[in-house]
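What follows is each chain in one-letter form.
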Amino acid sequence: MFIPNTKFLIVDDFATMRKVVKKVLVELGYSDILEAEDGKIALQLIQDAANSGAPFQCIVSDWNMPNMTGLELLKACKADPKLKETPFMLVTAESEKEQIIEAAKAGVSEYVVKPFNAATLKDKLTRVYNKHNPAAKAA
Amino acid sequence: MSTALKISTLKNPLFEKIVVGNICAGIKDTLTQLGPFTTEFQPHFFAAKWVVPTPISVILNLKQDEQPIQVRFHFDPKPVIDILEGMIGDKVDPESQDILDGVGEISNMIYGLIKSKANSSGFSFGMSRPEACFTKDIPPNANPNGQSLVIPFSVNGSVCHFEFIVFQ
Chain V
1 MFIPNTKFLI VDDFATMRKV VKKVLVELGY SDILEAEDGK IALQLIQDAA
51 NSGAPFQCIV SDWNMPNMTG LELLKACKAD PKLKETPFML VTAESEKEQI
101 IEAAKAGVSE YVVKPFNAAT LKDKLTRVYN KHNPAAKAA
Chain A
140 MSTALKISTL KNPLFEKIVV GNICAGIKDT LTQLGPFTTE FQPHFFAAKW
190 VVPTPISVIL NLKQDEQPIQ VRFHFDPKPV IDILEGMIGD KVDPESQDIL
240 DGVGEISNMI YGLIKSKANS SGFSFGMSRP EACFTKDIPP NANPNGQSLV
290 IPFSVNGSVC HFEFIVFQ
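Protein sequences, first through last, are from chains V and A. Residue numbers for the first sequence follow the working numbering, so the first one is 1 and each next one is one higher. Residue numbers for the second sequence follow the working numbering, so the first one is 140 and each next one is one higher.
Take these hints with a grain of salt, some might be off.
[What the hints assert, rightly or not] Partner residues are not named here, just some residues of chain V that face chain A (Cβ under 7 angstroms, in silico):
1. Ala15
2. Met17
3. Lys19
4. Ala93
5. Gln99
6. Glu102
7. Glu110
8. Val112
9. Lys114
10. Pro115
[As the list claims (entries may be wrong)] In silico DSSO-like pairs for lysine-lysine, Cα to Cα no more than 27 angstroms straight-line:
11. V:Lys124 x A:Lys167
12. V:Lys22 x V:Lys82
13. V:Lys22 x A:Lys230
14. A:Lys202 x V:Lys122
Just so you know, the hints here were simulated from the structure itself, not pulled from any lab data. For every residue, glycine included, the Cβ atom is placed at its ideal position computed from N, Cα and C.
Please model the entire structure based on the sequences and the hints provided.
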């Protein structure tokens with residue numbers, strides 16, 4: 001699982017969902033958590049953090065947002081050599097197969113359907129961590 | 140999507156049977172996942188004009204094959220506050236903007252599930268960002284030439300409404 005000082009970014013246009021995700025992360029022991037209200041603002045934060053030498057280590061983003069969607073943000077991160085390895089989880093209210101395939105093709109680490117509970121988010125975070133740290137999974 | 144079932148008229152037996160079922164299941168399943176909420180449904184009805192009795196509304200503007208359609212949720216604040224306080228684990232001020240933000244997210248989750256269910260039944264429902272407002276702020280001419288399908292439902296005894304509008 002991600003270590004306690006992992007730097008998270010939560011991206012959602014609804015403050016309520018940002019609070020829900022943050023509450024779960026805090027309950028799991030994380031405190032380095034920043035928020036952004038759409039993909040465009042998030043991308044700037046992600047690039048600035050990477051350039052400053054303190055990159056985000058996990059991004060939890062909504063899909064359906066104004067200005068820049070979560071999928072567009074994911075694709076922008078994957079297109080940037082500095083950001084392409086950053087674990088990226090998409091959170092969405094839609095669970096259609098076509099969407100899941102589209103997200104998988106874009107390189108999403110995990111896909112969470114709303115509403116979810118703390119146990120589901122924790123399980124998905126563990127899977128994201130294992131996917132990006134295969135040695136940890138084997139151990 | 141040309142192969143999708145059309146939503147051109149609400150008073151279509153296929154639409155009524157399948158979509159009303161999808162809507163009710165979407166509402167009930169989402170609220171069940173959000174907490175110990177009892178959801179009950181009353182018979183749906185059609186209306187060109189009707190008076191919304193509750194103060195909070197959420198609007199999603201959608202299209203199918205260029206036909207504008209609109210989904211609206213109308214909520215009593217009591218269940219919204221109960222749901223939100225369960226989600227965020229904190230008190231919600233019923234007079235604040237927090238309730239509008241929260242009801243937008245609740246509607247987003249409910250509609251997301253309705254959309255998934257309806258689309259797997261052969262329809263082609265799109266997605267848009269829910270816009271929450273106080274019902275009194277909906278302009279009176281926001282529904283010109285519209286026909287509404289209204290599904291009343293209660294959450295822990297408080298009456299709310301789902302409204303599906305097809306513009307003619």
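Hint-by-hint comparison with the structure:
no. : hint                : in the structure
1   : Ala15               : holds, 5 angstroms
2   : Met17               : holds, 5 angstroms
3   : Lys19               : holds, 5 angstroms
4   : Ala93               : holds, 3 angstroms
5   : Gln99               : violated, 9 angstroms
6   : Glu102              : violated, 13 angstroms
7   : Glu110              : violated, 17 angstroms
8   : Val112              : violated, 12 angstroms
9   : Lys114              : holds, 5 angstroms
10  : Pro115              : holds, 5 angstroms
11  : V:Lys124 x A:Lys167 : holds, 25 angstroms
12  : V:Lys22 x V:Lys82   : holds, 25 angstroms
13  : V:Lys22 x A:Lys230  : holds, 16 angstroms
14  : A:Lys202 x V:Lys122 : violated, 36 angstroms
In summary, the numbered hints that this structure violates are 5, 6, 7, 8 and 14.
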